[in-house]
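Chain order of the listed sequences is A and B.
Here the working numbering is used: the first residue of the first sequence is -4, the next is one more, and so on.
Here the working numbering is used: the first residue of the second sequence is 36, the next is one more, and so on.
None of these hints come from the bench; they were simulated from the model.
There's no promise every hint is true.
What the hints assert, rightly or not - Residues from chain B that face chain A, not an exhaustive set, calculated with beta carbons under 10 Å:
# : residue
1 : GLN37
2 : SER65
3 : TYR69
4 : GLY77
5 : ILE86
6 : SER141
For every residue, glycine included, the Cβ atom is placed at its ideal position computed from N, Cα and C.
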Amino acid sequence: QEKVQQSPESLIVPEGAMVSLNCSFSDSASQSIWWYQQHPGKGPKALISIFSNGNKKEGRLTVYLNRASLHVSLHIKDSQPSDSAVYLCAVSTEGADRLTFGKGTQLIIQP
Amino acid sequence: AQTIHQWPVAEIKAVGSPLSLGCTIKGKSSPNLYWYWQATGGTLQQLFYSITVGQVESVVQLNLSASRPKDDQFILSTEKLLLSHSGFYLCAWSRDRTNSDYTFGSGTRLLVI
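One chain only, chain A, in its complex shape (with noise of 0.2 Å):
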């Protein structure tokens, strides 16, 4: 069964800072690997996603994936208050009809 870990369990950070999250997960034949947001007593909502190795830029968001090394990170550039909020490394399985959730990173982004 997919093992997804995350890294660091909070992060506070002064606003404008660049932010990295960490994941790290246990199947090789893992599909997609998406990181979500959620903020306290919402749903968690997608933010990126990456299937190939290599890096992914989307506005403010790059994550970048190592399958070699079954690693993962999103990196937030320029952080602003609004991004505080709990941070979800998901990745899914092919045929398995499943997304495992990682923990969560806590982030605060301190005006």
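Assemble the complex: chain A is given as a structure, and chain B must be docked to it using the hints.
Structure of chain B alone, referenced to chain A:
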């Protein structure tokens, strides 16, 4: 545009009482549907998935059941609630089985006392 609606928003129920939570997806035919559960401070855990009407697969056994009576409706239920059922229940849909994102509803907060 597709919309996903969950009901009720919140429930306080007694141990041993029955439970029924609902989820409706509008604007998408034959969606893949999912139920997730999140204990307070815990990890999102997939409970069930359904790729077609009348067909539901269980992922984790938590003394809960799910049904898909219509293409756009997904129901989560149990006849007897346990304290351990407390948490946040989320319904989600996706376009295909592997590489599309899951869109989540706003969730139902359940407290069992």
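Taking the hints in turn, this is what the structure says about them:
| no. | hint | verdict |
| --- | --- | --- |
| 1 | GLN37 | 13 Å, violated |
| 2 | SER65 | 14 Å, violated |
| 3 | TYR69 | 8 Å, holds |
| 4 | GLY77 | 7 Å, holds |
| 5 | ILE86 | 7 Å, holds |
| 6 | SER141 | 6 Å, holds |
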